[in-house]
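Given the coordinates of chain A, assemble chain B onto it according to the supplied hints.
Chains as they are written, first to last, in UniProt numbering: chain A, 1 to 456; chain B, 1 to 1051.
Just to be clear, a hint being listed does not mean it is correct.
[Said to hold, decoys possible] Below, in silico cross-link-like pairs of lysine-lysine (DSS-like), each with a Cα-Cα straight-line distance of 27 Å or less:
id: 1; chain 1: B; residue 1: Lys-1016; chain 2: A; residue 2: Lys-427
id: 2; chain 1: B; residue 1: Lys-315; chain 2: B; residue 2: Lys-341
id: 3; chain 1: A; residue 1: Lys-453; chain 2: B; residue 2: Lys-975
id: 4; chain 1: A; residue 1: Lys-434; chain 2: B; residue 2: Lys-341
id: 5; chain 1: A; residue 1: Lys-427; chain 2: B; residue 2: Lys-112
id: 6; chain 1: A; residue 1: Lys-453; chain 2: B; residue 2: Lys-112
[Claimed, not checked] Some chain A residues well away from chain B (every beta-carbon gap over 12 Å; in silico):
id: 7; residue: Ala-109
id: 8; residue: Thr-354
id: 9; residue: Cys-411
id: 10; residue: His-429
Quick caveat, the hints were computed from the structure, so don't treat them as lab data.
Beta carbons are placed, not taken as given, at the ideal position from N, Cα and C, and that holds for glycine.
Spelled out, the chains give:
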Amino acid sequence: MKKVPYRHPISKILGITVLFFLLLSTSIFAQEEASSEGGSEQTEAAAATGGDPAAGKALFNQNCAACHSLTRKMTGPALANVESRLAEDEGLDREWLYSWIKNSPGLIASGDAYANKIYNEYNQAAMTPFPTLSNEDIDNILAYTAAPPPAPAATATATDAAAGGQGSGDGSGISNELVLGALVLVFGLLVVMLLLVNRTLRRIAEANGVVLEKELSEKRKPLWKAFADNQFLVLVTVVILLLGSAYFVYGWMMQVGVDQGYQPVQPIHYSHRIHAGDNKIECKYCHSSARVSKTSGIPSLNVCMNCHKSIYQVSDETLAEGKAEYGVDYNKEIQKLYAAVGWDEENQRYTGETQPVEWVRIHNLPDFAYFNHSQHVSVAGIECQQCHGPVEEMEVMYQYAPLTMGWCVNCHRETNVKIEGNEYYEKIHAELSKKYGVEQLTAAQMGGLECGKCHY
Amino acid sequence: MASNKRYWKSEAELNPDDSIVEALRQDEFVEEIPVDDFLGDKENLSETTTNRRDFLKYVGFSTAAASLAACQGPVNKSIPYVVQPENIVPGVANYYATSIADGFDFASILIKTREGRPIKVENNKDAVVGAAANARVQASVLSLYDSTRLQGPLANGEPVEWSAIDAAVKAKLGSLRDSGQQIALLTQTYASPSTARLIAEFKAAYGNVNHVVYDAISESSALDAFEAKYGERALADYDFGKAGLIVSFGADFLGDWQGGGYDAGYAKGRVPKNGKMSRHVQFEANMTLSGANADKRIRLTPMQQKIALAQLYAKLNNTSVGGELPNEVQAAIDAVVKQIKSNESNAVVVTGLDDVDAQTVVLAINEMLGSKAFDPASPRYVRQGKAEAVKTLIADMNAGKVGALIMDGVNPMYTLPNAAEFKAGIEKVGLSLAFSTNWNETTEVVQYTAAANHYLESWGDLQIKKGQFSLMQPTIRELFDTRQFQASLLKWLGSDKTYYEYIKDTWNTDVLNGGDWNKALHDGVFVAGSGAVAPETDADPQDASPEAGDKEGQESAGESAVGVVSIASAIKNLTNATSGGGMELTLYPKTGMGDGRQASNPWLQEFPDPITRVSWDNYVTVSKADAERIGLENYHVANGGLNGSYANITVNGVTLSNVPVIIQPGQAVGSIGLSFGYGKKVGMKPEMQTGVNAYQLYQDFKSVQAATIEKASGTHEFACLQLHKTLMGRGDIIKETTLEIFNTKDHAEWNPVPQVSLDHQEVPATSVDLWDSFDRSIGHHFNLSIDLNACTGCGACVIACHAENNVPVVGKQEVRKSRDMHWLRIDRYYSSEDTFEEDNIKKDGFEGLSGDNGSLGGFGQLEDPADNPQVAFQPVMCQHCNHAPCETVCPVAATSHSRQGQNHMAYNRCVGTRYCANNCPYKVRRFNWFLYNNNDEFDFHMNNDLGKMVLNPDVNVRSRGVIEKCSMCIQKTQKTILDAKRDGRTVKDGEFQTACSAACSTGAMVFGDVNDKESKVAELAGSDRMYHLLEHVGTQPNVFYHVKVRNTNEA
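Excised from the complex, chain A in its bound form (with noise of 0.2 Å):
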């Protein structure tokens, strides 16, 4: 019968603490929601020049884009209101453009003043011609160029989204936190319990008449006491001891010099994951000499510009995303990029001031192992990510496998060599793989663990 009350509390705290819970989980949920609704409203603003600006903005990133933004000089000029810059300060009208843009060169051979005009500005470079274009395409195309200025909106939408990631991952920090107290809070309510519990199955012991063990115990050697005695015991103890430390000891001095997950900071925040990810970029493409050289080749400069020569900022959805997840506005990585290549963005030309990019080196392989990119990229043709590990996942690069002999090794001993369509490999495959009488030579096999062909 007096049980009975002392199961209340138990159900009753648990109780407490599943309402608890409850009520977090909705303030968090609640503060999700506001983040995803800024935006979308600009692009109702269309043009009433007869064109369609949507079919308009395909085009334009298709054909145009390369040379021409809307708003700032690229290799060709700045396209916003083209049409009506052209009718208001030169007098030209649309024909001249359809005539322009189906062929450039032909307008400029013809003597025409402004034609030859542009293309002295623009370094005699012609423009391509486009003559696929249908006057209505161009018609699209104007009408998107003279759609409003989509600029001002762009940075309002992207401040907004920033500011909604902000206050999102702001959120969840904290939530994370709470989840954290409530559970150290449970945790903490479970051991009072605990010792709740027990200290009424003590009493209800002694109410019951149950002789505790423990003043018996009292009369007998002490438990270290005993141990201290035996002799064997203590050395038993003391070789595990020795043997369990000597291999934490072992274990630390094997990670002396392993710089697996090495990430610096670099002077230019590169993003691997929006380069090789997102985009889709060949590693090869930059790291070129990989194909031929031992070195895979830290890319210069002139390779960025390739590219950054036309995209001199990123889409206001990556922007945003980097300052939010990173912490990083891409467009003044972009712009360390200018200033190092002496690019003078206003002119479109090369300042020559340059300042090389002094990137922190993150594989180094010790100088007395030699290991070439070409043989194990051209010859064995083996992923870049092998080694390097989802470099397209890295936001910042880090070193992915261990660069370990043993690691070397272990791949040399389980990889076939590449022999397809290699006659340097077929003699010699033949013979060793009748020797060894297998399929397939592994590197190890064909002489891949030879000190020699590392250390010299």
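What follows is chain B alone, placed relative to chain A:
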């Protein structure tokens, strides 16, 4: 009873009243220890809060902090190009064809560059002449990175701008235009069509220009003789490959005789083919490379050589002349005459005697024989200097007739015997300007020093031989604020052309004859079509153009001296040759140093002379007989070093004191030798200031001088790499035979496989094996073949190996302790009897320990080289044994075997026990006793950023405490394999190369894959002449040698 002896440390102690002794008895230290300076100030001490325990805490903390900080790896930076040059891929080498023409060495070469840095010199196989880079040319790439180079122009020793120099020169030249004073250009030999044209234009612009070509080591007599006979100032060319009989009177044509570069042709005839090889008879005083390679070498002083030459000429014409010669020499001359007569046009006679008569006679003999090897029609232009003109110039300077003196590529203050006179003259010259790469004796005395380009930073062209043109192109941009002479001339002429454009103009109009400029530049060489090109040499404009009045007299005088020389009077002069009393001194350029312009090059300083094997020194060579007479000696000391006496040499009142002495087997009695190129002091690091300056004795620009030699006090410590000079009758190290035996007997007789005893049976050593063999039949198996007949010992491979493999320079003191690091050495052996064969017979004849035939005394005798020994060279590097003794003793398995036949050395694994070096029968392993890089104790090139630019990035720079050795250039073989794999093809024969085999211009070293049955090395491995070094040891090396065959055929 106790002893009454008194022990004393110094005589002063014997005087009981000596105050010093008394004082010292009380004090333990002679000087008072400045304890008070530290502890005297009690106040200060008590004030300080740091007590002893604190101090210990700080020490402990900082030690811990330092070791913690050491756990952090360094942050390395990678800095890519801003704009990557189109043809540079980091990690991939580019090769450029260029040429060297520094006034002493002329060659067409390839330069290997990595990331824009020239790092290695290779031979240009497209070149017909000058295709062989000798040791100095191989090393010249390091001179580019010499940290003592001039980094900008100077005026009176202070840095100035180029514009200041230009202004001063232009003003001075302009003011001299119509004055009586001449503008003198004192330059090296260029052999350059463009420079010749440029100087002609310069003369036309300024009128009274006197261009004097000055070779530090003059070939004037050969040039004069040739000029008198053929009307052109040049040197006759010889192709020794076409000669069946070579007779040389003091011509070291395997060395630097007439510009050198004859060894490839020579070696071609020396390898027995179809039972035939050339025969080489050498009459000489000093032991030279040519003498060492000769089949028969006759020791004669220069005076005797002249008589011998005269007699040879007379006997060929069936007359006779006077002159005293020893009987055996007479007999030798008779034999040679007989052989020449039977060979006729297959024979060739050359001489290095610095005497117009001798040179004239030799030209006449070759003409008379119609020698096929003799080519006067297209001569060489690599020496142009005229000794008389230099003398006249110095006289003019002293007479105040020179208004401006501009020098390039010369260092007269160092190379002139009468430097003091030159200095006095230069003070009377209105403007003196020297182009130089380094601060030197001449730049010290001139007003303006123009920092000149290294040849690897310069444009240029040259015509080594008539019709054989080469181009020089820069392989790196100027490292410093330097400008080459020709560019400066263009500037002073007011031209806005670059020298590159100027050369291109010259070539398009005069040389190419419709050929393609780009192709010529790519190839580095251009062969003019059949006689289409008017030979435009330095000499032509210089001698043809009428010059300032006072020069004419000198010219006509020179011509009368040369022109009238008739054979009859030449012979008469030769037979009347006298020694001038005392010893006959022959001055010569050393293989490693040449005329000394690269004296600050540590590779060349450490390069052991092929003959004496002494590095870091020059010395006077004397014969054993003379040495005993004068009391000069060489002896070995306990630490393994060679010591020698000093001697004073006096020539015509000029004394060179304290010249180290080397007793040279084969030196003609009554003659001594001394090499040029050493004894430079100004602008050199202290370690590099080695030797004595022989130019001081080079009076009248004659390489033979009458000298007196006397012993001086003191002992010189040499850095000699080979103390044991003889082979001790161990004929299995260098196997030799004669052409006769080679042709008539089975190879088992002259190239026997050594026998070992197995179960009391004599069996061939190759059949016994302790180990299980690797399967070497699959894949590549590298072998290196070395033909002892073709190897002349020139040492180009030693330097090539140095450059390719980042071998450190250790310095004289370390070399003396036998700690040299050369991966490849060329052993030189003398015979103890007259021939190696007699050594073998003598050794085999030993019976018992003592007695006349006893081994005890007998081996002692065998240690002594003969007075005129046979000489053999043997390049030895790691033999890459298939059963390598080094591998079995390494406790950490740092050295191991590969399937491709190379013996690998993993430096990072080596712990430095040196068991392997101990167990190596060939003694080719080298231990890094010190950290040779980044260590200012070894102030050569690996301790400064500039010198480190020459390092090969594909090869490790070894650290202290590890063994290193020849890797058979595994970086090169791996590269070749990778290239083939990438192209998906098999490796062609000849693609595999080591640094040494690529540098070997004689073809003595052939490298390749013996598993490729079509390859040249496989063919050589199957040759009857093939043998392995120390075959009886059973190491089964992958390096093999070819039995040396001597042509002892006297008839």
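Hint by hint, where does the structure go against what was stated? Just the numbers, ascending.
Violated hints (numbers, rising): 4, 5, 8, 10; every other hint is consistent with the structure.
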